[in-house]
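So the protein sequences, as listed, match chains A and B.
All residue numbers for the first sequence refer to the working numbering, where the first residue is 844 and numbers rise by one.
All residue numbers for the second sequence refer to the working numbering, where the first residue is 844 and numbers rise by one.
Honestly, I wouldn't trust all of these hints.
It does not matter which identical chain is meant; a pair holds if it fits inside one copy or across any two.
Computed list of lysine-lysine pairs in DSSO-like fashion (alpha-carbon distance at most 27 Å, straight line) [what the hints assert, rightly or not]:
#1 Lys1127 to Lys1087
#2 Lys1081 to Lys863
#3 Lys1127 to Lys933
#4 Lys863 to Lys953
#5 Lys953 to Lys1057
#6 Lys1081 to Lys933
In short, the hints are calculated from the structure, not lab data.
Protein chains: 2
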Amino acid sequence: MSSARQVVQAILAGRGFREKGPAAVYAPANIALVKYWGKRDEALNLPVTGSLSISLGPLGSHVELARGAGGADAVWLNGQPLPADGSFAKRARAYLDLFRPAPDFFFDVKARNTVPTAAGFASSASGFAALAKAVDGLFGWGLAPRELSILARLGSGSAARSLEDGFVEWRAGTAADGMDSFAERLDATWPELRVGAVVLCADEKPVGSREGMKRSVETCEFYREWPGRVAKDLAALKAAIARKDFAALGGIAEANALAMHALMAATRPPIVYALPETVAALRKIWAAREAGLALWFTMDAGPNVKLLFEAQDEARVREVFPGVEVVAPFG
Amino acid sequence: MSSARQVVQAILAGRGFREKGPAAVYAPANIALVKYWGKRDEALNLPVTGSLSISLGPLGSHVELARGAGGADAVWLNGQPLPADGSFAKRARAYLDLFRPAPDFFFDVKARNTVPTAAGFASSASGFAALAKAVDGLFGWGLAPRELSILARLGSGSAARSLEDGFVEWRAGTAADGMDSFAERLDATWPELRVGAVVLCADEKPVGSREGMKRSVETCEFYREWPGRVAKDLAALKAAIARKDFAALGGIAEANALAMHALMAATRPPIVYALPETVAALRKIWAAREAGLALWFTMDAGPNVKLLFEAQDEARVREVFPGVEVVAPFG
Chain A
844 MSSARQVVQA
854 ILAGRGFREK
864 GPAAVYAPAN
874 IALVKYWGKR
884 DEALNLPVTG
894 SLSISLGPLG
904 SHVELARGAG
914 GADAVWLNGQ
924 PLPADGSFAK
934 RARAYLDLFR
944 PAPDFFFDVK
954 ARNTVPTAAG
964 FASSASGFAA
974 LAKAVDGLFG
984 WGLAPRELSI
994 LARLGSGSAA
1004 RSLEDGFVEW
1014 RAGTAADGMD
1024 SFAERLDATW
1034 PELRVGAVVL
1044 CADEKPVGSR
1054 EGMKRSVETC
1064 EFYREWPGRV
1074 AKDLAALKAA
1084 IARKDFAALG
1094 GIAEANALAM
1104 HALMAATRPP
1114 IVYALPETVA
1124 ALRKIWAARE
1134 AGLALWFTMD
1144 AGPNVKLLFE
1154 AQDEARVREV
1164 FPGVEVVAPF
1174 G
Chain B
844 MSSARQVVQA
854 ILAGRGFREK
864 GPAAVYAPAN
874 IALVKYWGKR
884 DEALNLPVTG
894 SLSISLGPLG
904 SHVELARGAG
914 GADAVWLNGQ
924 PLPADGSFAK
934 RARAYLDLFR
944 PAPDFFFDVK
954 ARNTVPTAAG
964 FASSASGFAA
974 LAKAVDGLFG
984 WGLAPRELSI
994 LARLGSGSAA
1004 RSLEDGFVEW
1014 RAGTAADGMD
1024 SFAERLDATW
1034 PELRVGAVVL
1044 CADEKPVGSR
1054 EGMKRSVETC
1064 EFYREWPGRV
1074 AKDLAALKAA
1084 IARKDFAALG
1094 GIAEANALAM
1104 HALMAATRPP
1114 IVYALPETVA
1124 ALRKIWAARE
1134 AGLALWFTMD
1144 AGPNVKLLFE
1154 AQDEARVREV
1164 FPGVEVVAPF
1174 G
């Protein structure tokens, strides 16, 4: 069993901690089309299965990182200084501990999310990916993308997928130290692809992903079949991307998301993220599809729904979901 | 592979088809607490797993069966003659074919359901159980309860559980001809137990149980874990009934129903019976339970919700669900 600190040491072996001056970086948020649910190592955020996401281009996190002048780390989010005992500041500080050259070295972190906080896109993936890039920039290590992916993963599992644009596959890996568990960009573009955020509830989740995954792995009988299901869905999704088959992509993403929510519902005690509005949105999507619209969805561990469609259908999608926030992942 | 006809012949071996005069019988509806989802034999309605239900006392089906004077079977439901080509009349006729002494022997069937048609309780279980009893009465065979359970099963799987009052366990059995797949009453009473029907939608299901089960068995990876899950839930439920532990009974029933709906959602293509109103009802139940009310639920393959509670809480339950239809299974 490795610790996160040992992984950081292994990656930084031979590299020093000389500041190159402040770093300003950006990382995109991502939404998984084949989901990550369940860890094989809690400390290193090593997943049981691979996953495949689409990065959200301009929606993500900007981070400016510098050596601070004060006697403690200082963290700003969207221009506001955060109280040191808040959960976001604590999580950032715990992560920065992994890279602190000396006990009296403190960081100034200025984070700014372009992910609308209320849009139901997770900002922890882009946040930790940006933090990993920022630390690399501050100390001038010039780490390779896969090394950054591993470092980002130590902050939040899905952050491993937020280092690249486009379609990104996170390989589960098998090594105990997780050195083979990183994400890489697929060689594919899909300029017409659109992701739409339908925001139904911006409240905090009743059960966090970390806790929910742990419960599913430990108590859900169906979880034993999840790795096989994901392997099938990953293979099918990559084939669909390769041949640009949108109906196949949508169908795989939608069914995979429903299967993840099924795992949660069969967990003990059950975890149900859906709200009445969630089911209403799914039924609107199915009705629109019955009526000929090429519209699918995915859902993360929460009640909000993300639409998947192509550029030519945007007007029709907006008729069905007038408030939708639309992203063009390929610019 | 046996046919339904061979099973009937084996059970009736040596018995004749002399009419003893009209029969008037009754069978209760039932609601499963550990669910039946998936057949190992489509023709004989043999289940993959066992299941355990509670019979609904006065809610069920009355059937009067007599030799008809006409040149075809005649079927009445709730006082109305049914058109011969309707789905109910066709299903009844196909079932009666198994017991027709001669091609020119026709039946008059008068069925009356006390299951409110719009209450979301299935009437096919009580209907076929009553038909099996009525045929037995008409010909005066005096079949044993387990034989009647097998015959009822040939009409509709869950009808096997509608021959007895109280808690009823249907054993899956292993025999190819299903002679060991019948239901029996548990030796237990629970006078305080109440079942409440919350009717959210009385429309016909978009995917019938027969078709849905078949799809789950064929396409849902999670289905492989369903038999093990059911075995655990059955053992735990029987233990809870034996010690009259209502919180345990409720928890097992609720989680088992959610796990069945999870199977459906992970089926390809996904089957989702829930409506927005379903999720709203579940959340009301969970909120009431958080507030101290001993209220659980179960759900069949449809959008409606059945409440599980005890007599002393009926007033509080009616505050939460004013329109609920309450049944006392033990009278």
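Against the structure, the hints come out as follows:
{"no.": "1", "hint": "Lys1127 to Lys1087", "result": "within (25 Å within a copy, 44 Å between copies)"}
{"no.": "2", "hint": "Lys1081 to Lys863", "result": "neither (40 Å within a copy, 68 Å between copies)"}
{"no.": "3", "hint": "Lys1127 to Lys933", "result": "neither (40 Å within a copy, 35 Å between copies)"}
{"no.": "4", "hint": "Lys863 to Lys953", "result": "within (17 Å within a copy, 90 Å between copies)"}
{"no.": "5", "hint": "Lys953 to Lys1057", "result": "neither (32 Å within a copy, 55 Å between copies)"}
{"no.": "6", "hint": "Lys1081 to Lys933", "result": "neither (38 Å within a copy, 47 Å between copies)"}
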